[in-house]
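Given the coordinates of chain A, assemble chain B onto it according to the supplied hints.
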Amino acid sequence: MKCKYLIALLPMLLFSSLAIPISIGLTGCASVEEGADSVVVNAERVAQASFEIMDAFVLYEHNNREMLRRISPEIEKAANSVRTDGRKAIEQLRSATAAYKNNRSAENKATVDTWIKTVEHLKSIALQHLTAAQRKP
Amino acid sequence: MTGVEIIAAVDLALALLGRLNNIRTALKQSGELTPEQDAALDARFQIAFGEAHWQPSNPPQASIVSS
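Residue numbers (this note's numbering), protein chains in the order written: chain A, 15 to 151; chain B, 972 to 1038.
These aren't lab readings, by the way, just hints derived from the structure by calculation.
There could be a bad hint or two in this list.
Which residues of chain A face chain B? A few of them, derived with a C-beta cut under 10 Å, are [stated by the list, open to error]:
| no. | residue |
| --- | --- |
| 1 | V46 |
| 2 | K91 |
| 3 | A120 |
Each residue gets a CB set at the ideal place from its N, CA and C atoms; glycine is no exception.
Chain A with its partners taken away, still in its complex shape (with noise of 0.2 Å):
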């Protein structure tokens, strides 16, 4: 009985440590190292820490596909968002990165700030259906 607990218990510790930082880390805060671009450093911790929670979120959605059904069909089609629109805004902004990189105008950088803004979204998408198949076991 206790263990049932305990199980329950396991994702939520963890996604609260997964959860806390990166609401914390993705704003920009983290420190830049001298003659770094902040610009393309927050660029690509952006990319990769996104991918990493929705790649947890649509492999986790995919694994548990017809009991996430049960609880919410919000949840799939959520993941479907991820699969198409988080792949391709992944795809852009690490495009939009390495147009910076090579010419590191205002417009560049202008592109890369409205990729960054698009992932975070999706991001935060990918987290908060996390956060609701967690919640429910």
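Only chain B this time, still in chain A's reference frame:
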């Protein structure tokens, strides 16, 4: 909790646990990626995007036939 739910909870715990190190590394990054690291990251994304769990599913459709 049913058996399926226990398995799902363990699966979610493992999924989250496996991400912590990668996320911590990404958030600690303080310099720009080198061209080699850039290429490796893009390759990693493309491999992942080709995997089954990144392919959109076909959700069950509501029946359009009235009963």
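A quick look at each hint next to the structure:
| no. | hint | verdict |
| --- | --- | --- |
| 1 | V46 | holds (6 Å) |
| 2 | K91 | holds (7 Å) |
| 3 | A120 | violated (19 Å) |
Checked against the numbered hints above, the structure breaks only hint 3 and satisfies the rest.
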